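2 protein chains.
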Amino acid sequence: MLARYAEDVQEMKLGFVGLGIMGLPMSLNLQRAGFTLSVYNRNPARAQTLEKAGAKLCRSPKEVAENADIIFICVSDTPDVEQVIFGTDGIIHGAKAGSIVVDMSTISPEETKKFARRLAEKNIEMIDAPISGGEAGAITGTLSIMAGGSAEAFARVKPYFEKLGKNIVHVGTNGAGQVAKACNQIVIAVSIEAVSEALLFAEKCGVDGRKVREALMGGFAGSKVMEVHGNRMLNDDYKPGFKAKLHRKDMGIVMDTAAKVKAFLPGAALATRHIDEALEAGDGELDSSAIFKVLRKKVK
Amino acid sequence: MLARYAEDVQEMKLGFVGLGIMGLPMSLNLQRAGFTLSVYNRNPARAQTLEKAGAKLCRSPKEVAENADIIFICVSDTPDVEQVIFGTDGIIHGAKAGSIVVDMSTISPEETKKFARRLAEKNIEMIDAPISGGEAGAITGTLSIMAGGSAEAFARVKPYFEKLGKNIVHVGTNGAGQVAKACNQIVIAVSIEAVSEALLFAEKCGVDGRKVREALMGGFAGSKVMEVHGNRMLNDDYKPGFKAKLHRKDMGIVMDTAAKVKAFLPGAALATRHIDEALEAGDGELDSSAIFKVLRKKVK
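Just so you know, the sequences run in chain order H and B. Plus 1 on top of the position in the first sequence (first one is 1) and you've got this note's numbering. Plus 1 on top of the position in the second sequence (first one is 1) and you've got this note's numbering.
So here's chain H without its partners, still in its complex pose (with noise of 0.2 Å):
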């Protein structure tokens, strides 16, 4: 049964449209596991060493579709995958009956979810599977990935998730996997805000930050964001890690997303002021935990 499922794996043929800071390492991982890819890049120059690992090379998003049953995109915002999905030479043009559509991009769950409609019209599946854990984790194979879309495409696509990432959660119907994506970087941006305040609050006491960071980090107030972002404010380093400007971007779907459905997030919309206030300082290309420098910089 092993070895029927493996030999099953194998015989799919695999797309990857978009060979970014992400999209580069995620796809050498699944062309070095074994599997054969056709890739697509708007810059083809990006996609030389995936060719050198045998990758075929197109020239076009529908190209790739058309020589592939499972197509991963990972691009930058909601247009964009609007874009290669159904733009001129788009993957809708390409895509064979039966084929699935992974995109790994963080884009609008709403969007998603009508992209996924679209795409079903012509018995094409989507699963929208946005990732956490950085260029890091993209080169190591170690992502988070959050998945909307049926079990059964689910379950065809993650033994490919598997070469890409550790905790893969099949989150439920098309676009929960961004709703999930959308809560991660609330989470996170809210938790920046949160140590943030509080190494303010001990630096202002003239108490050591590296010290209190030290005694919270045991109990209830210890949290990854503590551990790395805090860190990153305590030395003054905010060489990314994830870039504010990015954070901003995905901040916007969070905050449209929550206008939509009437969810009421004050606190997400205060951090999303301090990031835009990053920006307009000029550190949007910072880790976002230079929310840090914003609120130092403020005298009440």
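No lab work stands behind these hints, which were simulated from the structure alone. Here the structure is a predicted model, which is why all the values come from computation and not from measurement. One or more hints might be untrue.
Intra- or inter-copy, both count: the list cannot distinguish identical chains.
What the hints assert, rightly or not - In silico SDA-like pairs for lysine to any residue, Cα to Cα no more than 25 Å straight-line:
id, residue 1, residue 2
1, LYS263, ARG211
2, LYS246, PHE265
3, LYS225, ASP209
4, LYS263, ARG274
5, LYS225, GLY210
6, LYS298, ALA270
7, LYS57, LYS164
8, LYS299, ARG274
9, LYS225, GLY135
10, LYS115, GLU204
11, LYS294, ALA270
12, LYS167, GLY210
13, LYS14, GLU52
14, LYS299, GLU281
15, LYS263, GLU281
16, LYS159, ARG211
17, LYS299, LEU271
18, LYS250, ASP78
19, LYS63, ILE93
For chain H, the structure is supplied; the task is to place chain B on it using the hints.
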């Protein structure tokens, strides 16, 4: 050397004032570890368990101080600590020069510094050592202890702290323990806000919050608050934990001190407002994760 050290520890006589939800199990842990305690509680009925275990029941904090080299305090708020130390029949009227007052209550960092200075005039040392970990941590001896005071006094008290807690950090000089505890309460309050908003967003989007929590726990959004308080929200079960009314008292200390040191804490102010709304709704006896109930009721 170790034997000699242990012997010194055994010779110290201990006092404990305040046998409440936290103080009773803490003093019992000290008594059961083989130390001799003199204890006082406003309501002497609470002291019976300790008396049975071998502790000496005193009629005032002064009498406790007359019988002890190290006097622990665990009461509710700043005025209570002031009364216990400096009031009629207070500790200062019975304590010997060279003794140490260890205040494990959560009170104002600024007042703590003043108390320490007043005690120093009588050659009495003070250590502020607020705790985190709740009743369960007090019973099992697994509290987090954040201490402020001189390194010498901390070293003398540390062996007793080890009977009460696990993560024991000497944060800095007098008041630094209270500052760390304030930071702890900021992080927990704002993190509860973060998790509440994320789970509210998921709910309004029609996505299973349990799956979202599962997807987020392994990544950068993972935290003790997501684990413990997130679970309370998802189960709609707000049995404390830590009561909203006590968290509100601590946030009062935070916001008062923040105003004095000119720290800008808008996230903490927001979370405090939501705890207030929980209290207004009659939920002060519930865990402070009842912030989720407050947000849920709002319509944008």
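Homomeric proximity label, LYS263 with GLU281: Cα distance no greater than 25 Å
Only across copies: LYS263 and GLU281 sit 23 Å apart there, 28 Å inside one copy, limit 25 Å.
Alpha-carbon proximity between LYS263 and ARG274, which holds within one copy, between copies, both or neither at 25 Å:
both (19 Å within a copy, 20 Å between copies)
Between copies, within a copy, both or neither: which fits LYS298 and ALA270 at Cα up to 25 Å?
Answer is both; intra-copy 19 Å and inter-copy 18 Å each pass.
When no copy is named, should LYS225 and GLY210 be tagged within, between, both, or neither for a Cα gap of at most 25 Å?
Close inside one copy (16 Å) and across copies (20 Å); limit 25 Å.
For the identical chains here, do LYS299 and GLU281 meet the 25 Å Cα criterion within one copy, between copies, both, or neither?
This pair counts as within: shortest intra-copy Cα distance 14 Å, inter-copy 31 Å.
For LYS63 vs ILE93, is the C-alpha pair at or below 25 Å within one copy, between two copies, both, or neither?
Close inside one copy (7 Å), not across copies (83 Å); limit 25 Å.
At 25 Å max between alpha carbons, let me know whether LYS246 reaches PHE265 within a copy, between copies, both or neither.
both (23 Å within a copy, 23 Å between copies)
How would you classify LYS57 and LYS164 at a CA-CA limit of 25 Å: within, between, both, or neither?
Within one copy only: 19 Å inside a chain, 65 Å across chains, cut-off 25 Å.
Checking LYS250 and ASP78: alpha-carbon separation at most 25 Å within a copy, between copies, both or neither?
within (8 Å within a copy, 44 Å between copies)
Between the shortest in-copy and the shortest cross-copy C-alpha distance, which are at most 25 Å for LYS299 and ARG274: within, between, both, or neither?
both (14 Å within a copy, 21 Å between copies)
Up to 25 Å between alpha-carbons, please classify LYS159 paired with ARG211: within, between, both or neither.
between (41 Å within a copy, 20 Å between copies)
With identical chains, the pair LYS225 and GLY135 could be close in the same copy or across copies; at 25 Å between alpha carbons, which is it: within, between, both, or neither?
Classified as both; 14 Å inside a copy, 22 Å across copies.
Every hint from the earlier list agrees with this structure, and none is contradicted.
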